[in-house]
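Dock the two chains into a complex; use the hints.
Chains as they are written, first to last, in the numbering used here: chain A, 1 to 158; chain B, 1001 to 1108.
One or more hints might be untrue.
Said to hold, decoys possible - For the chain A half of the interface with chain B, some residues (derived, Cβ under 7 Å), not all of them:
| hint | residue |
| --- | --- |
| 1 | L17 |
| 2 | A75 |
| 3 | L115 |
| 4 | P117 |
| 5 | I120 |
| 6 | L134 |
Stated by the list, open to error - In silico SDA-like cross-links for lysine to any residue, where the CA-CA straight-line distance does not exceed 20 Å:
| hint | chain 1 | residue 1 | chain 2 | residue 2 |
| --- | --- | --- | --- | --- |
| 7 | A | K97 | A | R136 |
| 8 | B | K1067 | A | W15 |
| 9 | B | K1088 | A | N127 |
| 10 | B | K1067 | A | L27 |
| 11 | B | K1088 | A | A107 |
| 12 | A | K69 | B | L1074 |
| 13 | B | K1088 | A | F96 |
| 14 | A | K69 | B | K1088 |
| 15 | A | K97 | A | S137 |
| 16 | A | K97 | A | N127 |
| 17 | A | K73 | B | K1067 |
| 18 | A | K69 | B | A1018 |
| 19 | A | K101 | A | V47 |
| 20 | B | K1067 | A | N127 |
| 21 | A | K101 | A | I54 |
| 22 | A | K97 | B | G1072 |
| 23 | A | K69 | B | G1072 |
| 24 | A | K73 | B | I1013 |
| 25 | A | K69 | B | C1012 |
| 26 | A | K69 | B | I1011 |
| 27 | A | K69 | B | L1056 |
| 28 | A | K73 | B | A1014 |
| 29 | A | K101 | A | G51 |
| 30 | B | K1067 | A | K97 |
Said to hold, decoys possible - Distance windows between CB atoms, simulated:
| hint | chain 1 | residue 1 | chain 2 | residue 2 | range |
| --- | --- | --- | --- | --- | --- |
| 31 | A | W66 | B | S1002 | 37 to 43 Å |
| 32 | A | I57 | B | A1100 | 37 to 43 Å |
| 33 | A | E50 | B | A1004 | 43 to 49 Å |
No wet-lab data here; the hints were simulated from the structure. Just so you know, even glycine gets a beta-carbon here, dropped at the ideal spot from N, CA and C.
Residues per chain are reported as follows:
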Amino acid sequence: MLQLTSLGIVLYVFWILLSGYFEPFLLAAGAGSALAVVLLSRRMHIVDREGHPIQMIAAVFWYWPWLLKEIAKSAWDVSRIILDPRLPISPVLVRFKPSQKSQVGLATHANSITLTPGTITVEASQNEFLVHGLTRSSGAGVIDSEMDRRISKVEGYR
Amino acid sequence: MSVALEILSWICIAAGGAFCVIGAFGLIRMPDFYTRVHAASITDTVGVGLLLLGMLLQAGLSLIAVKLVMIGLLFLFANPTATHALVKAALSRGLAPLLAPGEDSSKR
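Same shape as in the complex, but just chain B (with noise of 0.2 Å):
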């Protein structure tokens, strides 16, 4: 492998882990649940996004480049979905959201 590869490839690896760290960071600062599920979508997008590039630039052109591929696309589809499904299980148990002044959550 050639150190170019190497390099760009822990440039990457260090930026993901870099980007879950300010997820994780954000998770705990944002004042109520509904924000912190933002804070927490950085770490699963651009997060995750950037260590599997990382880790695809190790594994060169091989089976194990597929398999990451598909976990990459498999978080693409699935995380949206899950996170949906929490938000929308939240606001229909009546958890109400912490909104900016003058903003009201019954307006249609």
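Just chain A, with the same shape it has in the complex (with noise of 0.2 Å):
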């Protein structure tokens, strides 16, 4: 219910955003589409913990600025990497395992492997991502990484 109503809020002030128009039809005509939409979503049932994982909301924040912080420094080191005349580069596949035990967790830290310049997650499972680094050192870096600790922290489940 709690996430019913946040899905609906949620959807609601995307339109009245995207709109920009404040005459009483159309914020009727917003309420009503919010409404159909979390009601098809409550029939399909897709909005649980994770597909509207209102339990990470607060925990995200923290991890964003960290992860935005990362991208930088590693698109730094990728576009060093790119202008070296020699192109220094040295592609490596690593596997490792992950320690998020959700599925929103795990796409979590798959997404932000591969949003990190230098590195690609090319599998993804609970057992085992499989990484493309785009040198040895990138690649050994994602490995029981401090990006993972943080994600098992957001994720909430310890």
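And the structure:
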């Protein structure tokens, strides 16, 4: 119920911000659309801890600034590799086991690795991540990383 | 709009543009598909991020700023998903990645 209410509010705010009109008819149409989407999502059973993870919201605002900092750092490193005349790359594939328990935690981890320049998640499952790294050190950097620990904390299972 | 904000905004936009060019440059220089994707990720994280930040400073506090933030969030969620799908499809169709000497792609 909490998740359905939250989804409805988020959808309605999204409507208002995108439209920018505040006439009664359009406000009512937005409320009707938001309600319809909430009811359809409930019928499809996609509104739960995984589909609308409100338990992660508070923690994620601590995680995102850290992730942006990491993206900026590794983007700088990859830019230097691209502009280096010798092109010092040493592509590697690494496998490791992520510590997240839920699907949404694993998806967050896999997406965070891919967002960070220099590393891409090729395969993601509960037992194993396969990551392509642009250099040996960037490949080795994803195994049991600080990112892994931080996302397990954000996930909220421990 | 104050001059300082204007200058800061243009620094962000110019830097964003520069990172987009670096990404494109890497796309040409890298030797195979997988390493090229790494170069492209420069463009769609820092390049796009700095461009949006510069435009945010131009927009000030308005609905346009909110929409720019939404575009940024869309990028942060949709981009890694698309990249992952692309790379996974390439590997499962048997496109062997070029690896550094001494690295074995079948290693577990």
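Hint check:
no., hint, in the structure
1, L17, "5 Å, holds"
2, A75, "4 Å, holds"
3, L115, "5 Å, holds"
4, P117, "5 Å, holds"
5, I120, "5 Å, holds"
6, L134, "4 Å, holds"
7, A:K97 x A:R136, "18 Å, holds"
8, B:K1067 x A:W15, "11 Å, holds"
9, B:K1088 x A:N127, "17 Å, holds"
10, B:K1067 x A:L27, "18 Å, holds"
11, B:K1088 x A:A107, "15 Å, holds"
12, A:K69 x B:L1074, "19 Å, holds"
13, B:K1088 x A:F96, "17 Å, holds"
14, A:K69 x B:K1088, "27 Å, violated"
15, A:K97 x A:S137, "18 Å, holds"
16, A:K97 x A:N127, "5 Å, holds"
17, A:K73 x B:K1067, "26 Å, violated"
18, A:K69 x B:A1018, "19 Å, holds"
19, A:K101 x A:V47, "19 Å, holds"
20, B:K1067 x A:N127, "38 Å, violated"
21, A:K101 x A:I54, "16 Å, holds"
22, A:K97 x B:G1072, "30 Å, violated"
23, A:K69 x B:G1072, "16 Å, holds"
24, A:K73 x B:I1013, "19 Å, holds"
25, A:K69 x B:C1012, "16 Å, holds"
26, A:K69 x B:I1011, "19 Å, holds"
27, A:K69 x B:L1056, "19 Å, holds"
28, A:K73 x B:A1014, "19 Å, holds"
29, A:K101 x A:G51, "15 Å, holds"
30, B:K1067 x A:K97, "38 Å, violated"
31, A:W66 x B:S1002: 37 to 43 Å, "31 Å, violated"
32, A:I57 x B:A1100: 37 to 43 Å, "41 Å, holds"
33, A:E50 x B:A1004: 43 to 49 Å, "45 Å, holds"
Consistency note: the structure conflicts with the earlier hints numbered 14, 17, 20, 22, 30, 31.
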